[in-house]
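In order, the protein sequence lines correspond to chains A and B. Throughout the first sequence, residue numbering follows the working numbering, covering 1 to 242 in sequence. Throughout the second sequence, residue numbering follows the working numbering, covering 1 to 82 in sequence.
Hints are computed from structural coordinates only; laboratory data are not their basis. Please note that the accuracy of each hint is not assured.
[As the list claims (entries may be wrong)] Sample of chain A residues at the chain B side, in silico, Cβ under 7 angstroms:
| no. | residue |
| --- | --- |
| 1 | P172 |
| 2 | L173 |
| 3 | S174 |
| 4 | F177 |
| 5 | R178 |
| 6 | G181 |
[As the list claims (entries may be wrong)] Calculated cross-link-like contacts (lysine-lysine; reagent style DSS-like; alpha-carbon spacing at most 30 angstroms):
| no. | chain 1 | residue 1 | chain 2 | residue 2 |
| --- | --- | --- | --- | --- |
| 7 | A | K12 | A | K171 |
| 8 | A | K107 | A | K145 |
| 9 | A | K72 | A | K145 |
| 10 | A | K171 | B | K48 |
| 11 | A | K72 | B | K48 |
| 12 | A | K12 | A | K145 |
From the three backbone atoms N, C-alpha and C, an ideal C-beta is built for every residue, glycine too.
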Amino acid sequence: MMINFAALEVGKHFYWHIGKLEVHGQVLIVTWIVIAVLVILSSLATRNLKRIPDGLQNFMEYALEFVQDVAKTAIGEREYRPWLPFVGTFFLFILVSNWLGALVPWKLITLPEGELAAPTSDINTTVALALLVSGLYFWAGISKKGLGYFARYVQPTPILLPINILEDFTKPLSLSFRLFGNILADELVVGVLVFLVPVFVPLPMMALGLFAGSIQALIFATLAATYIGEALEGHGEEEHGH
Amino acid sequence: MNPTVAAASVIAASLAVGLASLGPGLGQGNAASRAVEGIARQPEADGKIRGTLLLSLAFMEALTIYGLVVALVLLFANPFAG
Numbered sequence: 001m002m003i004n005f006a007a008l009e010v011g012k013h014f015y016w017h018i019g020k021l022e023v024h025g026q027v028l029i030v031t032w033i034v035i036a037v038l039v040i041l042s043s044l045a046t047r048n049l050k051r052i053p054d055g056l057q058n059f060m061e062y063a064l065e066f067v068q069d070v071a072k073t074a075i076g077e078r079e080y081r082p083w084l085p086f087v088g089t090f091f092l093f094i095l096v097s098n099w100l101g102a103l104v105p106w107k108l109i110t111l112p113e114g115e116l117a118a119p120t121s122d123i124n125t126t127v128a129l130a131l132l133v134s135g136l137y138f139w140a141g142i143s144k145k146g147l148g149y150f151a152r153y154v155q156p157t158p159i160l161l162p163i164n165i166l167e168d169f170t171k172p173l174s175l176s177f178r179l180f181g182n183i184l185a186d187e188l189v190v191g192v193l194v195f196l197v198p199v200f201v202p203l204p205m206m207a208l209g210l211f212a213g214s215i216q217a218l219i220f221a222t223l224a225a226t227y228i229g230e231a232l233e234g235h236g237e238e239e240h241g242h
Numbered sequence: 001m002n003p004t005v006a007a008a009s010v011i012a013a014s015l016a017v018g019l020a021s022l023g024p025g026l027g028q029g030n031a032a033s034r035a036v037e038g039i040a041r042q043p044e045a046d047g048k049i050r051g052t053l054l055l056s057l058a059f060m061e062a063l064t065i066y067g068l069v070v071a072l073v074l075l076f077a078n079p080f081a082g
């Protein structure tokens, strides 16, 4: 029943057994490569800091300003600073994962089972990222307002309580499915096109995949920042009240 | 796999993606046309409109992606495969 889409394997994994756990080895390998790329790039860029930046330092400062802008518009000028590393890490990690998955010819490396691909095309990675966002916006709200944070569930009226609670579950669900589905869909489309016409024809789809990958990274970071900003913002009265 | 289950899963998968793309397609067209109107009326708000448009397009696209996820589950991880 499994159709072999040009050696595209969905649902097959290179299992590692750690104690009683089964982990998807191919995802971990690429994740480590992504982390290594990010660490090496940033340490190279900050090794020889100059007042007038050039080359890599210039590029990394541009990236920093970009994520700063994302966090600032979503969270607000006053409170964005402590959350900037978090939002920026999300953006850079997802962007580099998506692009490495699309740009590096992973097919040249054969694994016993499964194949190397973008870590974000595995549902476990995206669910982990989305749950991190959930935990963090709760923490942001509670650390700022204490138990008063939960007052927002009954605002503006208690009738909306079920919907407000439901929202906490749909947020991580939609975050994770959006990222996972988009990246996996890009890989599937390219795989099917390669299976039909191996040369040239898949190229525009690959370019579209790169675009979609960067947009999805931006969306994820923006939404994470928006959720945190939503949890932080008071409804106005509480802050002036005391 | 039981051939009836296989046939039903393939049809269901194609319907899931096809139907799920109907609504978001209409919605995205609507949003894009309004954004173009907005830019034509106020070219200086170009950047803000584009940012908001991309964000809302991604929200709409997520609905199609849910259909796609269902289709992928039916094709590659079918719980009724037996």
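Right, here's what the structure says about each hint:
With a least beta-carbon distance of about 13 angstroms to chain B, the hint placing P172 of chain A at the interface is violated under the 7 angstroms criterion. Hint on L173 of chain A is violated. Least Cβ distance to chain B is approximately 9 angstroms, over the 7 angstroms limit. Proximity of S174 of chain A to chain B holds as hinted, the smallest CB-CB distance being about 6 angstroms (cut-off 7 angstroms). Interface hint status for F177 of chain A: upheld, as the beta-carbon distance to the closest one in chain B is roughly 6 angstroms, under 7 angstroms.
For R178 of chain A, the interface hint holds, the least distance from its beta-carbon to any beta-carbon of chain B being 4 angstroms, beneath 7 angstroms. Evaluation of the G181 of chain A hint against chain B yields a held restraint, the C-beta minimum of about 3 angstroms falling below 7 angstroms. Our distance criterion of 30 angstroms between C-alpha atoms is met by K12 of chain A and K171 of chain A, whose separation comes to about 28 angstroms. Between K107 of chain A and K145 of chain A, the direct Cα distance comes to roughly 50 angstroms. Violation of the 30 angstroms bound is thereby established for this hinted pair.
A hinted pair counts as satisfied when its Cα atoms are at most 30 angstroms apart, and K72 of chain A with K145 of chain A qualifies at roughly 21 angstroms. At roughly 24 angstroms between alpha-carbon atoms, K171 of chain A and K48 of chain B fall within 30 angstroms of each other, so this suggested pair holds. Only pairs whose Cα atoms come within 30 angstroms are accepted, and K72 of chain A paired with K48 of chain B is accepted, the gap being roughly 14 angstroms. Proposed proximity of K12 of chain A and K145 of chain A is contradicted: the alpha carbons are some 45 angstroms apart, above 30 angstroms.
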